[in-house]
Amino acid sequence: VARTYHGLLNVMALVATVLGYAFMFKAHADKGASQFGVGATTIRQVHVWIGYAVIALTFLQGGVGIAKYASLVNSGQKIFRWHGQLGKPIFAVGLVNIVIAVWFW
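When you line the sequence shown up against the numbering used here, it's residues 8 to 112, in that order.
In case anyone wonders, no lab produced these hints; they're calculated from the structure. These numbers were taken from a predicted model, which means no experiment stands behind them. In this text, a Cβ means the ideal position worked out from N, Cα and C, and glycines have one as well. One or more hints might be untrue.
Said to hold, decoys possible - Below, simulated DSS-like cross-link-like pairs (lysine-lysine); rule was C-alpha separation at most 27 Å, straight line:
id, residue 1, residue 2
1, K95, K75
2, K85, K95
3, K85, K75
To be verified - Pairwise CB distance ranges (calculated):
id, residue 1, residue 2, range
4, Y12, Y59, 24 to 30 Å
5, I86, A63, 19 to 25 Å
6, S82, F111, 46 to 52 Å
Whole structure, please, built from the sequences with the hints as guidance.
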C-alpha cells in the first residue's frame, strides 16, 4: 500500500512538473522572453538553469521509480537502490530555486 501511495503521489508530482513548465513556457513566450535566460541578469540565469536541472532530475527520479516498481512487481528484484537517496536533495534544490525566484521577483 505504501509503495502504491508513494507512486501515485510521484506521478502527480510529474504531472505538476509538466504543467508548471508549460505555464512558465507560455508566460515567457507571450512576453518574447528567452526560455533559457538569454539576456537576463545573472541571478535569473542561475534560477533558469537550476530549474532545468530540477526538472531533469525530477523526470529521472520518476522514470527510475517506475522501473524500480515494475522490477519489484514482475521479478521481485530490487534495483536502483540509490533512488531513495535522490528525492530529498531534488526537493531541497527546488526550494532553494523558489527562494531565488522570490528574491528577484
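| What are the numbers of the hints the structure violates, in ascending order? | none
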